[in-house]
Structure formats: structure tokens, C-alpha cells
Amino acid sequence: MNRIDARFAQLKAAGRTGLIPFVTAGDPAPDHAVALMHALVDAGADLIELGVPFSDPMADGPVIQHASERAIASGVGLDDVLRWVAEFRQRDADTPVVLMGYLNPVEIHGYARFAAEAVEAGVDGVLLVDCPLEESAVLAPLREAGLRQILLAAPTTVPARMAKLCESAEGFLYYVSFAGITGAQRLSTADIAARVADIREHAKAPVAVGFGVRDAQSAKAIASFADAVVIGSALVERLEGADDAGDIATRVRSFLQPIRTALDQH
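Its first residue numbered 1, the sequence shown is counted upward by one per residue in my numbering.
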């Protein structure tokens, strides 16, 4: 069983809401990228969303844009990301890893080559923001290799298309809590809850909610109706400037553990 499916089955059996932190691979310190991944798990992450640095991250706000810029300036590329996942797997065989990014680096790498290397490294799924469901035939080699294609739904998704997303979702369906870029600070919990409730009636896969989740309070509110909570920009912001493994672990722990506790108490 794919690690994503196994983890969500475990969460459902335990009655827990998943915590999915996002970090940009190679930020804040490429030398400690693997240590950061382990720190996320130690602080309560159920699944890791690992951003592949990209020069034109159109869906991301300034915080993650700048994280990508810093990683690219340090020379981080797709090969590094896959190598770090493989190193992470030497100590952690269970925590699912999803690569989040954009289609261009995968296309340049070659779809079949990327699929083989990602599976070999221990990647479990991909979320390619600029590859909508209607264009995802190009990702057939990834799906055939066993990678889950994580799909995005948004408040602006019309019913007919939402039905297609619910039918096709695998791993989990990522519901973007508002129409905009990552990191914006506005959440209408009631509106999100109503939309997620409708999605959960039709989606075969679990539903994770992200964008705008910044702290324990907002995460706990989302946890009352979602299968998992994704938190990215606030964490990336907290990690900016950390340059050694100890500092990174301390910042991760101080930020994520209260959120983990809030999710477990909802």
C-alpha cells in the first residue's frame, strides 16, 4: 500500500487529524535538509510536503517565493531533492513524502525518468500546481510507477469540475481554503467547513485543507471538519535564518508541537 494511503488509514482508525507541514527543500540550510525532515516528524508531522524550488512559483506568496529563491541561490535542484528524500528514508521508512512544485522541472527531467527516480528515492506522491486534471495525461508514467497525484480544489471550483476531482482524487484531495496565494491571512472557517463537508460526501480520498493556516487556533478550527491540515508559509517564515540543525529542530518543535496538541484535542 502506498504510504499516503496507509497513513490516512491509520489516522482514521485512531480518530486523529493529520498534520502536513510544508517546507521548501534546501531552505533555510541545504546542509540540514534531511535533519529538517526528521525534525518535522519528531514534532508530530504525519506527512511531509516538500517543495521543489522553482523560479516562477505562481501559486505561492512572498514567503515561499523567497524560500524558493534562497534555495535556488544555494544551487538546489530536483536531483538534490530526490537525494535528500532517499537519505531521509534511511531512518524513516513510514512517513509519506509528497513533492509539491510545478510541471516544468519534471518535464525537463523526463516523466519516466522522474517517476523511476522518485519511487526509488521513496517519494509517495506529487502535487504539481500547474498541471490540472484535464492535462494530467502527461503524468501517466508517474501514476503507473505508483506515485499518487494530489489534486487541488478551490472555492472557485465549479460543481461539475469538483465532481471530476472527487472522482479522480488519490492519496488525498487538497482543498485550498481561499482563492489566492499561499500565506495570505484570511480564513472563513464556516465557509470552508460547508464546502469540505460537501466534498467529503463525494470524494473517495481524504480531504486536507491548506492555505492561510498559521497557528494552533486556526489548525484546530480546520481539524473539526477536515482529515488533515496543511501548514506552510507560517512554518517557512519561522525557519528563515536558521543555519544549524539544532536551531532548526528547536524552531520546528516550538512551532509545530502546539499545533499537534491542538489537533489531538479537537
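Simulated from the structure, these hints should not be mistaken for lab results. Check before you lean on any hint, since a few could be wrong.
Derived EDC-like pairs: lysine to aspartate or glutamate, alpha-carbon spacing no greater than 20 Å straight-line [claimed, not checked]:
1) K204 <-> E240
2) K12 <-> D94
3) K204 <-> E134
4) K164 <-> E134
5) K164 <-> D130
Derived Cβ-Cβ restraints for the label pairs, each shown as a range [as the list claims (entries may be wrong)]:
6) H66 <-> D215: 13 to 23 Å
7) D198 <-> R238: 29 to 39 Å
8) A197 <-> D243: 42 to 52 Å
9) A190 <-> R161: 21 to 31 Å
10) A197 <-> K164: 14 to 24 Å
11) N104 <-> L133: 16 to 26 Å
12) D92 <-> P62: 25 to 35 Å
The beta carbon of each residue, even a glycine, is placed where N, CA and C say it ideally should be.
Evaluated hints:
1. A threshold of 20 Å between alpha carbons decides the hint, and for K204 with E240 the separation of about 37 Å lies outside it, so the pair is violated.
2. In summary, the hint linking K12 to D94 is supported, as the alpha carbons are separated by about 16 Å, within the 20 Å threshold.
3. For the suggested pair K204 and E134, the alpha carbons sit about 19 Å apart, so the restraint of at most 20 Å is met.
4. Distance hint between K164 and E134 is fulfilled; the C-alpha atoms sit about 10 Å from each other, no more than 20 Å.
5. Using a Cα cut-off of 20 Å, the hinted pair K164 and D130 holds, with the two alpha carbons roughly 17 Å apart.
6. Checked against the hint of 13 to 23 Å, the pair H66 and D215 passes, with Cβ atoms roughly 20 Å apart.
7. One distance hint, 29 to 39 Å for the beta-carbon pair D198 and R238, holds here, with the actual separation near 33 Å.
8. The hinted window of 42 to 52 Å between A197 and D243 holds, with their beta carbons roughly 43 Å apart.
9. Between A190 and R161 the beta carbons are some 23 Å apart, a value that agrees with the proposed interval 21 to 31 Å.
10. Between A197 and K164, the C-beta spacing of about 19 Å keeps the proposed range 14 to 24 Å intact.
11. For the pair N104 and L133, the beta carbons lie near 18 Å from each other, so the given range of 16 to 26 Å is met.
12. Our hint of 25 to 35 Å for D92 and P62 holds, since their Cβ atoms are close to 31 Å apart.
In summary, the one numbered hint that this structure violates is 1.
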